[in-house]
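Modelling step: build the complete structure from the supplied sequences, incorporating the hints.
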Amino acid sequence: MRESQERVMFGCLLTGFPPEVLDIIWEPDGDVKTHFPPVIQDGKKAYSVSKMTVAVSKFLTTPYTCRVKHSTGSKENGPSATIRYKDCMGQSPKPVQVHILTPNCGEQETEASLELVCLLRSLGPGKASVEWLINGEVEPKKVEAELTADKDNGFSSFVRRNISKDSWENGDRYTCKVTRPLGSQNVTMYNTSKCQACSMRQPIISITKPSYRNLLEGTASVTCSVVGSNLGNIQIIWHVDGKPSPHAQGPLEKKEANGNQNVISTHPVSMEQWKKGTTFSCEIGGHCYENDFKDIIIKNDTNTIKPSVAISRAPLDISLKNAVALILICDVSGFFPKEISISWKKNGMPLNETLYNNGMAKAAGNVYTTYSILTIGRDEPGGKGGSYSCVVHHSSSDKPITTSENVPMDFFEPKAPLVELLQSIDQKEKTVMLKCMASNYRPSKVSIRWKSGPQNRNEASAEQAMSDGTYRASSQFQIPISQWKSVESNTCEVVHKETNFTVVKKTTRKDWIVPTALTLSLSTTPFCHSTGLENRSSIILFCSVHGYSLEKMQITWEIGGKVQQDSKAEAYQQSEDQFYTTSNLTLSLKEWNKLQEYTCKVTQPEAKHIQTAHISKCTACKDSIPPPSLYLLKPPLKMLLTQGKALLTCLAVGYELEHAMLTWMVNDHNHTKDARTENIESHTNWTQSLKSHLNITSQVWGSGSNVQCIISHPCALFPDTKQSIQKYEDSSPIKEPTLSLITPSATQLMQPSTQAVAWLACVISGFSPAEILVWWKKNNRDVVTSEYITGPPVVETGSSTFTTQSILKVPASEWENRALYTCVVGHESLSDLKNISRTLYDLLEPASPEVVAFHSSEDREGQKLVCFATNFYPQNIDIQWYIKGNLLNCSADSSTLVPLANGKFQKSCDLLVSGEEWSKPEIYTCTVNHSATTSFVKKDLHSSGMVSTLNNETAIKMKLPSFEELFMNKSAAVTCMMQLVNRTTNATFSWAMDGESVNANAVATEVLEESNSTSWLYSKLWLNLTEWNATTEFTCSISDGPTETKFRRNGTIKPPKVYLHHQQSSEDSNVTLLCMAKDFYPGEIFLEWKEENKEMSLKGHNAHDLKCDHKKQKCSLMSILEVPTSKWMTGITYTCLVAHISSENITARRASSLSDTWDCAIMGAAVCDVRNENEDEYSELEDANGVWNKVSTFMVLFVVALFYGGLVTFIKVK
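If you use this note's numbering, the sequence shown corresponds to residues 58 to 1271, in order.
Wrong hints could be hidden among the right ones.
In silico BS3-like pairs for lysine-lysine, Cα to Cα no more than 27 Å straight-line [as the list claims (entries may be wrong)]:
no., residue 1, residue 2
1, K403, K332
2, K1016, K1077
3, K784, K730
4, K332, K456
5, K891, K1169
6, K502, K563
7, K784, K961
8, K502, K562
Hints in this document: simulated from the structure, not taken from any laboratory.
Every value quoted in this text rests on a predicted model; they were computed, and no experiment measured them.
See below:
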């Protein structure tokens, strides 16, 4: 074994000898010998080792022998072994391996020339001849390479070759030819080119045809999109019917977030070409790719089917007082082919496309159907009524297909009320109830007055809003029967001022007596328990009997044909008037819900007359129960991707679900037996919910199977309700997501507060389709969802792919645990889950050093010069002292690398200078080079013989203003400061911007004296925002003294994209608002929060400090604001304001609880979608969905009120 280049180690192993004492000797002796004691095995045999080290020069000429000698005095020689140099080294050179190191496969934007490195490796030393070939042609110059020992116990060498960037980009082939030994025929060659080194995959071509509407308007074009990498030299050629065409437009190149390039070219399409049928071909070619093409035929399909178009108007509940005035739905069905265009007009004028939302065309047998929803606010154009037209463009018709709907100018015109006067007699209590009702009127507010007897009565009236936009009101009072008999008539007067309507209704005691046969009626109270507004445990059945004679009359109750012995009847008779009596039967709610039939039987023995009336819950509540809301939820993406199962959930929310049945259908086949249905759950608002789950395989779901859930009731208390769902087929190409982690800053991780938090952001981009699964793990265990926020996918600018972010909150209590945090992503494009992981203390970004140079006195009048660098990361740094360009070595007192508490480092380089040297007029220069951040800092120190007026700690410090100060005040100062020995120093500053001297009028200089008797010279250079943007270098200096220069990054300016998301966890009392600014450059930006009606700005938690990738020229910034839920629910608007150097304007994003969709939890289940406010305007379709939720809820409340009755039956009076 070779220990170094000069020494060799041998080992002698002796095995299988008796455990006797033996000696191992070497002939001749070496420099170092080590003997190890014998090791006993099984008490019988042993083994022993001896090691010796000698110089390589001796080993080349001398053989070495290891000999065994018995120490027992035996004269018998033991075994021996000999080693020679030729046993270790072959006579012929070892074979050589050749490899070429190539430039980075990414774009080389700044380099004009590139470098290739030919790497040679072998097991033995020696020389080799190296030649370069370009495209097979040998270059005249040969290089002789010496293979020397490396740290891997081998021998290696390398030869560099500079090449032009154009040659590399054009795909020239380079060959490294190695001959070893020199002059022999033993040749090894290695070829490379950009096409080989970068493993370029064939680009993907896709063609998109134009819409029929664009064809009619003469603006149609077919689009060819080429997606791949290194497409700089790609060529796109269009062919029309097989012939090259010169009419192509483009190409236009776009850079996608995942690093791919997207080259787009278009070609116009005329109506004539469409009618006759034309083939368009997009052909691509390039030096690294095979020629490829894609065809598309633009033609008029002869088997067209004209669509049928119909407009329906959605009902509105105006009591909701929302901003929507009108919702029209245009149903387009039965058309072929699939391509279609829908737009809207009002009074012949086109409406803005933001007012309507067009659905995707779906197959229905051999034809297609689609729809368009028009949503108009009262304050928007078209919100006051008119003629609305749905305009459909389809290839089956040369003209647009138009259907119109006339909406009255005033959708809610006034309407006069309908008036009824009712009376009922309670013979037991000897009272009469009179009730006056006004209904079906609008707007609200009617007056109801009673006129009876000698004086008028003023009774209170109650008004209620109906779901159809009308109102109803009623007024009632009770009087004794004796008083009722004495009053000739009772009169009710109803006045509706909005319609100038007045009506008077009158009733008398004689109206009650009608010569009719015995009449029976059955009713319940409450009318239908499950829709009542009280928490009742029983039902009362009322059997009402009225007629002329009550003599010898019996009332009995039967349940399922069996007579109830405990039923009671109360009979009251008036000798001269019509009688009225009732019999009550009280049932428990449990009995009532059995759906049995109950019979009231009235018998008159003398007349031999029997009358019956029947009632059950099925008859009493039929058509009175609102249909349940049915939700069919798509399968969770996590189970689809991790378990290969699609779990579908059907949720029914409504009334009377005890006997309801849920049926599952998959492609018209019944799968109910495979489902799992949970127990019914009752809610505090008297609703019930019924949930059922069906598991199907991911293959069945992925094939587009139609899954249907149907709820029905055996008594038909409500109509059958059904919902269907199937996997949405997105026509866009499937693209895999790319992941990156945005880490918190070191300052966040060092906050002393135990309440502090850090935020770890996972950015997922470049994926398609939009549906994606994101969750977090900590040390391979799932993190609860309340600890992170995942935003909805948004379309990337200028691309068909999507991006989203997930932000994980990490409390201060977990920072020291060094836990591994993992962002896990699942997507349709992935065969397995994708993830990216980091530990918290690996999150530091490279940081430039802060450098200070100073000197202090040492013994014997010497000086100690210190160059101190701190707060840099990573740790590799180079600090040197120079004088007149000559390098000076750091002294032994210099500090080694010191780790700081914030994860960064500090280091110093000290230089000892004698008093004699220090008295000479010299400039000592300290240089600090930090390669990770490409930072290079120079600091000068002047000896005492050069500048006597500056004390021994003199240095210039420059401070640049913040961008926030510049933006808000439109001007700010760049400040330079220097410490002086006393105030009388005549030193003055001079300023330069980009190397040009500054006008003295823009400079203000002053001397400030501190309490410790030290003086400072300050100089301020005032400039405005325009001057700041135009300058990249600021320099301040003292004549014959030190100089300080600060640089600003220049180049491309990119404005920020600003997003605002919010999320609330059920376990948290706060709402979390996340404001994100991304893809901007440079990093001169500031962000603040505003609360509605407050002047003071709010302070958010920075999710991380400013992060910039200067190679890609992209920066990002995030801020988190925690808002108490109590304030959020009041509707206060919170605004995120972002300003950037790219504009003098401020970008604002707003959020409030009122902008959210309605909370469906009022129906007993939270099934609403979460709104995304990524843009300045909301989706109109989301607003429409919110309206429908509110309308359905108020319809339920209306039905509840409509069928809730009292204990007394009211009789309608003509």
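Would you check the hint for K403 and K332, treating anything up to 27 Å between C-alpha atoms as holding?
violated (31 Å)
Can you confirm whether the C-alpha distance between K784 and K730 stays at or below 27 Å?
Holds, at roughly 23 Å.
Compare the distance between the alpha carbons of K332 and K456 with 27 Å, and conclude whether the hinted pair is satisfied.
Given pair K332, K456 holds - Cα atoms ~15 Å apart, limit 27 Å.
Within a Cα-Cα threshold of 27 Å, do K891 and K1169 meet the stated pairing?
holds (24 Å)
With a cut-off of 27 Å on the C-alpha distance, tell me whether K784 and K961 pass.
Given pair K784, K961 is violated - Cα atoms ~51 Å apart, limit 27 Å.
Quickly compare the C-alpha distance for K502 and K562 to 27 Å and report which way the hint goes.
At roughly 19 Å apart (the allowed maximum being 27 Å), K562 and K502 satisfy the hint.
Tell me if the straight-line CA distance from K1016 to K1077 falls inside 27 Å.
holds (10 Å)
For K502 and K563, compute the direct alpha-carbon distance and say whether it is at most 27 Å.
holds (22 Å)
When the structure is compared with the earlier hints, violations turn up for hints 1, 7 and for no others.
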